[in-house]
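Construct the complete structure from the given sequences, taking the supplied hints into account.
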Amino acid sequence: SAVISQKPSRDICQRGTSLTIQCQVDSQVTMMFWYRQQPGQSLTLIATANQGSEATYESGFVIDKFPISRPNLTFSTLTVSNMSPEDSSIYLCSAGGAGRGKLFFGSGTQLSVL
Amino acid sequence: AQTVTQSQPEMSVQEAETVTLSCTYDTSENNYYLFWYKQPPSRQMILVIRQEAYKQQNATENRFSVNFQKAAKSFSLKISDSQLGDTAMYFCAFMTLQGGGQNFVFGPGTRLSVLP
Chain A
1 SAVISQKPSR
11 DICQRGTSLT
21 IQCQVDSQVT
31 MMFWYRQQPG
41 QSLTLIATAN
51 QGSEATYESG
61 FVIDKFPISR
71 PNLTFSTLTV
81 SNMSPEDSSI
91 YLCSAGGAGR
101 GKLFFGSGTQ
111 LSVL
Chain B
1 AQTVTQSQPE
11 MSVQEAETVT
21 LSCTYDTSEN
31 NYYLFWYKQP
41 PSRQMILVIR
51 QEAYKQQNAT
61 ENRFSVNFQK
71 AAKSFSLKIS
81 DSQLGDTAMY
91 FCAFMTLQGG
101 GQNFVFGPGT
111 RLSVLP
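So the sequence lines, in the order shown, correspond to chains A and B.
Position 52 (the first sequence) corresponds to 52 in the numbering used here; numbering is contiguous.
Position 114 (the second sequence) corresponds to 114 in the numbering used here; numbering is contiguous.
Please keep in mind that the hints were generated in silico from the structure rather than gathered at the bench.
It cannot be assumed that every hint is accurate.
Calculated lysine-lysine pairs in the DSS-like style (CA-CA distance at most 30 Å, straight line) [stated by the list, open to error]:
| id | chain 1 | residue 1 | chain 2 | residue 2 |
| --- | --- | --- | --- | --- |
| 1 | A | K102 | A | K65 |
| 2 | A | K7 | B | K73 |
| 3 | B | K55 | B | K70 |
| 4 | A | K65 | A | K7 |
| 5 | A | K102 | B | K55 |
| 6 | B | K78 | B | K55 |
| 7 | B | K73 | B | K55 |
| 8 | B | K70 | A | K102 |
| 9 | A | K102 | B | K73 |
| 10 | A | K102 | A | K7 |
Computed far set for chain B versus chain A, every beta-carbon distance over 12 Å [claimed, not checked]:
| id | residue |
| --- | --- |
| 11 | T27 |
| 12 | N58 |
| 13 | S65 |
| 14 | V114 |
Given the structure is predicted, the values throughout are model-derived calculations rather than measurements.
Note that beta-carbon positions come from the ideal geometry of N, C-alpha and C, so glycine has one too.
Structure below.
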């Protein structure tokens with residue numbers, strides 16, 4: 001299994017500001033993913049973070065709002081930009097690989113935007 | 001489109017009893033993986049059990065077992081000897097390997113309460 005450290009665990013932010021969430025995996029992984037979980041809802045994939053290339057975004061999510069970095073095979077960041085109260089959610093980092101056939105998760109970031 | 005359905009938004013069970021959570025999915029793929037994840041109030045998503053579609057034998061992990069019916073596209077989770085620590089949201093998930101990548105789809109979740 002992979003151990004994933006995600007921080008911050010929670011934050012309260014003001015409207016219009018940005019927050020960067022960090023995700024560190026204890027081993028090299030091919031694929032890292034960022035999910036959003038709105039209150040009482042299931043997980044929605046924001047994007048796949050690719051090492052050495054731009055992230056691949058799902059429908060409804062854009063790079064200007066959710067820029068992602070993936071500088072190496074163990075680390076990724078997600079920035080939530082120009083935040084509004086509608087961005088209040090749990091953001092989850094995950095990692096896996098086609099050969100693993102599994103998906104492991106960080107402990108999530110609880111974001112509240114005032 | 002690939003979808004996962006969990007028809008039970010909420011369930012409860014008495015401690016030490018057995019409970020079964022339902023999950024159905026829809027896909028045209030033949031090779032895929034199925035999962036149950038547990039999310040307690042701590043927010044951590046924990047992998048409970050995993051099933052490979054090409055395996056007919058149902059997966060088991062201690063008190064957790066699945067009933068995998070491939071033809072019916074059904075993947076239910078049975079929790080035996082329920083414990084208070086099993087209280088959580090349970091998500092059924094489905095994964096295909098498309099184009100060398102991974103495509104995960106999560107169900108809407110079932111909130112399970114284990115009562116003392």
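Ascending list of hint numbers which this structure does not respect: Result: hint 2 breaks, nothing else.
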